[in-house]
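Spelled out from the first residue to the last, the chains are:
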Amino acid sequence: MIEHDVLVIGGGLAGMSAALHARQAGADVAMMSKVYPTRSHSAAAQGGINAALGIADSWEVHAYETVKGSDFLGDQDAIEILCSEGIQDIFTLEHHGVIFDRDDEGRIHMRGFGGTDKSRTCHVGDMTGQTILHVMYEQLLRMDVKSYDEWFVTTLLMDDGACCGAVAMEIVSGKLEVFKAKSVILCTGGCGRVYEPSTNGLIVTGDGLALAYRVGALIMDMEMVQYHPTTLPANGFLITEGARGEGAYLLNADGDRFMQNERYGATTLLEKASRDIVSRAETIEIQEGRGVDGCVLLDCRHIKDRILEAFHQIYELAQDYANVDITQEPLPIRPGMHYIMGGIKTDVDGRCYRQNGDGVEALPGLYAAGEVACVSAHGANRLGGNSLLDCVAFGRRAGAHAAEYAKSINPPNVSDQAVEIEEQKIIDIFARSTDLRAPALRLEMGEIMHQYTGVFRDEAGLLEAQRQIREVRNRYNEISVHDKGRVFNTDLLAVLELDYMLDCAETIIVSALARRESRGAHTRTDYPERDDENWIKHVVVYQTPDGPKIDYLPVTITQWQPEARKY
Amino acid sequence: MIQANLKVYRYDPQKDQEPHYDTYQVDGLPDFSTVLDALIKVREDIDGTLTMRCSCRSAVCGSCAFRVNGHAKLGCKTALSKLAPNGEEVCVEPMGNMKVVKDLVTDMEMFWDKIQQVKPWIETEGEPPDREYQVPHSKMVELQQPMNCVMCGACVSDCTVLEETSKFLAPAALAKAYRVVGDPRHAKSHEWLTELSEEGGIWDCTRCVECVQVCPKNVAPMDQIIKLRELAIDAGLTDNVGAKHVLHFTESVAHTGVLDERTLPIKAAGIGWAFRNAGIAIKATLKGKIKPLLPGTHPSVTEVQDVRRIHEELEVKKGTE
Numbered sequence: 001m002i003e004h005d006v007l008v009i010g011g012g013l014a015g016m017s018a019a020l021h022a023r024q025a026g027a028d029v030a031m032m033s034k035v036y037p038t039r040s041h042s043a044a045a046q047g048g049i050n051a052a053l054g055i056a057d058s059w060e061v062h063a064y065e066t067v068k069g070s071d072f073l074g075d076q077d078a079i080e081i082l083c084s085e086g087i088q089d090i091f092t093l094e095h096h097g098v099i100f101d102r103d104d105e106g107r108i109h110m111r112g113f114g115g116t117d118k119s120r121t122c123h124v125g126d127m128t129g130q131t132i133l134h135v136m137y138e139q140l141l142r143m144d145v146k147s148y149d150e151w152f153v154t155t156l157l158m159d160d161g162a163c164c165g166a167v168a169m170e171i172v173s174g175k176l177e178v179f180k181a182k183s184v185i186l187c188t189g190g191c192g193r194v195y196e197p198s199t200n201g202l203i204v205t206g207d208g209l210a211l212a213y214r215v216g217a218l219i220m221d222m223e224m225v226q227y228h229p230t231t232l233p234a235n236g237f238l239i240t241e242g243a244r245g246e247g248a249y250l251l252n253a254d255g256d257r258f259m260q261n262e263r264y265g266a267t268t269l270l271e272k273a274s275r276d277i278v279s280r281a282e283t284i285e286i287q288e289g290r291g292v293d294g295c296v297l298l299d300c301r302h303i304k305d306r307i308l309e310a311f312h313q314i315y316e317l318a319q320d321y322a323n324v325d326i327t328q329e330p331l332p333i334r335p336g337m338h339y340i341m342g343g344i345k346t347d348v349d350g351r352c353y354r355q356n357g358d359g360v361e362a363l364p365g366l367y368a369a370g371e372v373a374c375v376s377a378h379g380a381n382r383l384g385g386n387s388l389l390d391c392v393a394f395g396r397r398a399g400a401h402a403a404e405y406a407k408s409i410n411p412p413n414v415s416d417q418a419v420e421i422e423e424q425k426i427i428d429i430f431a432r433s434t435d436l437r438a439p440a441l442r443l444e445m446g447e448i449m450h451q452y453t454g455v456f457r458d459e460a461g462l463l464e465a466q467r468q469i470r471e472v473r474n475r476y477n478e479i480s481v482h483d484k485g486r487v488f489n490t491d492l493l494a495v496l497e498l499d500y501m502l503d504c505a506e507t508i509i510v511s512a513l514a515r516r517e518s519r520g521a522h523t524r525t526d527y528p529e530r531d532d533e534n535w536i537k538h539v540v541v542y543q544t545p546d547g548p549k550i551d552y553l554p555v556t557i558t559q560w561q562p563e564a565r566k567y
Numbered sequence: 001m002i003q004a005n006l007k008v009y010r011y012d013p014q015k016d017q018e019p020h021y022d023t024y025q026v027d028g029l030p031d032f033s034t035v036l037d038a039l040i041k042v043r044e045d046i047d048g049t050l051t052m053r054c055s056c057r058s059a060v061c062g063s064c065a066f067r068v069n070g071h072a073k074l075g076c077k078t079a080l081s082k083l084a085p086n087g088e089e090v091c092v093e094p095m096g097n098m099k100v101v102k103d104l105v106t107d108m109e110m111f112w113d114k115i116q117q118v119k120p121w122i123e124t125e126g127e128p129p130d131r132e133y134q135v136p137h138s139k140m141v142e143l144q145q146p147m148n149c150v151m152c153g154a155c156v157s158d159c160t161v162l163e164e165t166s167k168f169l170a171p172a173a174l175a176k177a178y179r180v181v182g183d184p185r186h187a188k189s190h191e192w193l194t195e196l197s198e199e200g201g202i203w204d205c206t207r208c209v210e211c212v213q214v215c216p217k218n219v220a221p222m223d224q225i226i227k228l229r230e231l232a233i234d235a236g237l238t239d240n241v242g243a244k245h246v247l248h249f250t251e252s253v254a255h256t257g258v259l260d261e262r263t264l265p266i267k268a269a270g271i272g273w274a275f276r277n278a279g280i281a282i283k284a285t286l287k288g289k290i291k292p293l294l295p296g297t298h299p300s301v302t303e304v305q306d307v308r309r310i311h312e313e314l315e316v317k318k319g320t321e
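Those sequence lines, one after another, are chains A and U.
My numbering applies: residue 1 is where the first sequence begins, and numbers increase by one.
My numbering applies: residue 1 is where the second sequence begins, and numbers increase by one.
By construction, these hints were calculated from the structure, which means they are not laboratory data.
Being a predicted model, the structure only gives us computed values, none of them experimental.
Ideal placement from N, C-alpha and C gives every residue a C-beta, glycine not left out.
A couple of the hints might just be wrong.
Computed list of lysine to aspartate or glutamate pairs in EDC-like fashion (alpha-carbon distance at most 20 Å, straight line) [stated by the list, open to error]:
{"no.": "1", "chain 1": "U", "residue 1": "Lys99", "chain 2": "U", "residue 2": "Asp223"}
{"no.": "2", "chain 1": "U", "residue 1": "Lys41", "chain 2": "A", "residue 2": "Glu444"}
{"no.": "3", "chain 1": "U", "residue 1": "Lys82", "chain 2": "A", "residue 2": "Asp325"}
{"no.": "4", "chain 1": "U", "residue 1": "Lys139", "chain 2": "A", "residue 2": "Glu309"}
{"no.": "5", "chain 1": "A", "residue 1": "Lys175", "chain 2": "U", "residue 2": "Asp107"}
{"no.": "6", "chain 1": "U", "residue 1": "Lys99", "chain 2": "U", "residue 2": "Glu109"}
{"no.": "7", "chain 1": "A", "residue 1": "Lys537", "chain 2": "A", "residue 2": "Asp347"}
{"no.": "8", "chain 1": "U", "residue 1": "Lys41", "chain 2": "U", "residue 2": "Asp31"}
{"no.": "9", "chain 1": "U", "residue 1": "Lys119", "chain 2": "A", "residue 2": "Asp144"}
{"no.": "10", "chain 1": "U", "residue 1": "Lys119", "chain 2": "U", "residue 2": "Glu198"}
{"no.": "11", "chain 1": "U", "residue 1": "Lys139", "chain 2": "A", "residue 2": "Asp101"}
{"no.": "12", "chain 1": "U", "residue 1": "Lys99", "chain 2": "A", "residue 2": "Glu170"}
{"no.": "13", "chain 1": "U", "residue 1": "Lys139", "chain 2": "U", "residue 2": "Asp223"}
Calculated Cβ distances over 12 Å to all of chain U for the following chain A residues [what the hints assert, rightly or not]:
{"no.": "14", "residue": "Gln46"}
{"no.": "15", "residue": "Thr92"}
{"no.": "16", "residue": "Gly247"}
{"no.": "17", "residue": "Ile303"}
{"no.": "18", "residue": "Thr327"}
{"no.": "19", "residue": "Ala362"}
{"no.": "20", "residue": "Val455"}
This is chain A alone, in the form it adopts within the complex (with noise of 0.2 Å):
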């Protein structure tokens, strides 16, 4: 048994952040990840990270459009909390050594992105979420953080009611061994690769939302789904708004700026609307045929010099995955499944809950960050650029508060024969032979969820998903594996994160079956207006004996009221 005040279980951005201001609070902290922590999806954000440091901005304002951007679905509290700490947080990366863009004076210069027409996203060329990564770790070496690098965690350890720790795996020996902790904080990441195809690296399981579900934790918001405007039809690769936050434009099959037409309600940001508005209207152009082979263009040939000068991550992918130089023609691109904006819900300081009774009540020793959380600063539409923010911010947060408490608690009682039901599971996946396997039962669900669970929805089609996802869970316990050794088994580690993320396509279902209207993400084509009347609410899912239950939760509004929602 390995023992630690706070175990941080996600190496990414969010994970990062809340281990060093554990350890920073006195803390005796360690950071899991199931991969090297450099190697989390973190680094592949492209565009930037927000915050209002400009002379012409503020605070608010940033938090305002956040609020409108989430479709008056976030919660404001958290919200004015990400937009006014954020400036601070920005700062100290930057003292941290952020090699940050900068402007004629040496102040970081910020970009345009979209949902504003401020620029207020600060940036390394179109590597910021690679660079932050990295200097972040680079503070974790420098505080020596202890770091338990490829190991897989299989489940939460409770306690009395109180999360107490978890089960690992190192994944080079398949030792499993038990964690002990008075806080555990989950920065795992979202569950992009429940859809096919995704934008998100093939390790975006899911694995911490679905860990959380078990142990009886709030999940909000699941049904509020971002399909990020431009991404690769090839492989789904993102191409970041970075590049229409400078200028670019999107043309139809007859070379139309589409983003002018009234119907799409951005007449004066255009193709810098916020995303959900942005990938609504090309799936409408292609679906009414003007599209070209199932894509929109994506044109940057009048910004060629920006691109040769600070996008050089995306040339190199048009080239290379697309074989279209940007600077010269226009790159066919298409809405892909890029974020989930829902959660696991916390509060302000990390704090994961669950149900008791008919109220809520904080769930002790859990707290989540990032993107496997739901603060909600997003609401129903994300911003570009506030992920990252939200990553470092509630990443503190919660690193924090976490540390405080383990200081408060007794240590828990933890017994090592959780060890035993863990490698039981193992046991009997690897006495299975049959012909199934894991990858195609999840490529099964990935295009479920896309085809039904994608830019539009509606009742038939959710419940089709339901029932087909529920087959898919049926079937999932035949999955047999090919390789029935301990080291390094990445064909076990395959079923056991298809696990994970068919919970996360059911809490996605529920959810969005629930919400009758269409607000941000979640576009109900039976219900197509928004309702404010009836839905200012998130809807939260927790799981029971009889399966997922439904219920919901108020939003907070401190000082917006809901608006029609124009760009």
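Knowing the structure of chain A, use the given hints to seat chain U on it.
Same frame as chain A, but now just chain U:
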């Protein structure tokens, strides 16, 4: 649609005494498929025991460095259409200079230890400002090159010095060191450069250019090492063989227009070293391999004035940079 024919290194420590190779034919791959796409398809559809690391598929996570046809590459950045346009066999092996854990998975501990050894973080002077440090954009852009490193290990895999000595910090860690030392906010460059000038550090690179060639992210580690060497010499950290070698090389050329290979090792490695190795020098002289070390045996080239002028111009140019 394209076809891939893979020959893949296989080793499972639980059952294999020795590594072996398996071949796989993968059909129906989309045109833009990479070596990694083909490997994933093998793992998913043909042989689930095939083991490798991978995640992002777009060259930002750094998980999938392998040796492809003998050289380290990121599997996800190596297009099959370019590498094997007619379905030629592609050989995939684990990275070199590291222990193999299983199949294409190598033990990366040595890699991360070396990163840790260069103290890869900046330390600033005094209290930080209220806002950001004001630094030139050009300097930040210059640091993007080493910062572009995704820690994939390709350069370490194919480093020819590391093959000879495990002490060498190797290209990735040294490129990371330049990211720190070259950062205008870093206040302890002298301390860092002093440590980097020790054995196993910046002067042990033989400039074979292998790391520059295999780096999938254009980090050009050797170029970063050369920048560190320049900074070390400028900081007066010249009391080591490597720096002396460079200085006397320059001095010799600036003086006579041509390198005097006889005095260079003496001046670089010192008179004690020269005494201990005098036997080799005498034998080489007797066999006519080198000229005897006597006055007048290393005359200046006829165009020596031109060489000196060029040297002076370069010195001036360097001073103004």
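Here's how the hints hold up against the structure:
1. The suggested pairing of Lys99 of chain U with Asp223 of chain U is violated, with an alpha-carbon distance near 27 Å, which exceeds 20 Å.
2. With a C-alpha separation of about 15 Å, the suggested pairing of Lys41 of chain U with Glu444 of chain A holds against the 20 Å cut-off.
3. For a cut-off of 20 Å, the pair hint linking Lys82 of chain U to Asp325 of chain A stands: about 17 Å separates their Cα positions.
4. Taking the CA atoms of Lys139 of chain U and Glu309 of chain A, the gap is near 15 Å; set against the 20 Å cutoff, the hint holds.
5. For the suggested pair Lys175 of chain A and Asp107 of chain U, the alpha carbons sit about 17 Å apart, so the restraint of at most 20 Å is met.
6. Between the alpha carbons of Lys99 of chain U and Glu109 of chain U the distance comes to roughly 10 Å, so the proposed pair stays at or under 20 Å and holds.
7. A distance of roughly 15 Å separates the Cα atoms of Lys537 of chain A and Asp347 of chain A; the hinted pair therefore holds under the 20 Å criterion.
8. For the proposed pair Lys41 of chain U and Asp31 of chain U, the alpha carbon gap of about 14 Å is at most 20 Å, so the pair holds.
9. The suggested pairing of Lys119 of chain U with Asp144 of chain A holds, with an alpha-carbon distance near 11 Å, which does not exceed 20 Å.
10. Restraint check for Lys119 of chain U and Glu198 of chain U: the C-alpha separation of about 14 Å stays at or below 20 Å, so the hint holds.
11. Between Lys139 of chain U and Asp101 of chain A, the direct Cα distance comes to roughly 9 Å. Compliance with the 20 Å bound is thereby established for this hinted pair.
12. A hinted pair counts as satisfied when its Cα atoms are at most 20 Å apart, and Lys99 of chain U with Glu170 of chain A qualifies at roughly 18 Å.
13. A hinted pair counts as satisfied when its Cα atoms are at most 20 Å apart, and Lys139 of chain U with Asp223 of chain U qualifies at roughly 16 Å.
14. Interface exclusion of Gln46 of chain A from chain U breaks down, the closest Cβ pair being 9 Å apart, not more than 12 Å.
15. The beta carbon of Thr92 of chain A sits about 8 Å from the closest Cβ of chain U, which is not more than 12 Å, so the claim that it is off the interface is violated.
16. At the 12 Å boundary, the C-beta of Gly247 of chain A stays outside the reach of chain U, the nearest C-beta of that chain being 20 Å off.
17. At roughly 18 Å from the closest C-beta of chain U, the C-beta of Ile303 of chain A stays outside 12 Å, upholding its exclusion from the interface.
18. Distance check for Thr327 of chain A against chain U: the nearest CB is about 18 Å away, which clears 12 Å, and the non-interface claim stands.
19. Every beta carbon of chain U lies more than 12 Å from that of Ala362 of chain A, the smallest distance being close to 33 Å; the non-interface claim holds.
20. Against chain U, the non-interface label of Val455 of chain A holds: every CB pair exceeds 12 Å, the least being about 23 Å.
Figure legend: structure checked against the earlier numbered hints; hints not met, in rising order: 1, 14 and 15.
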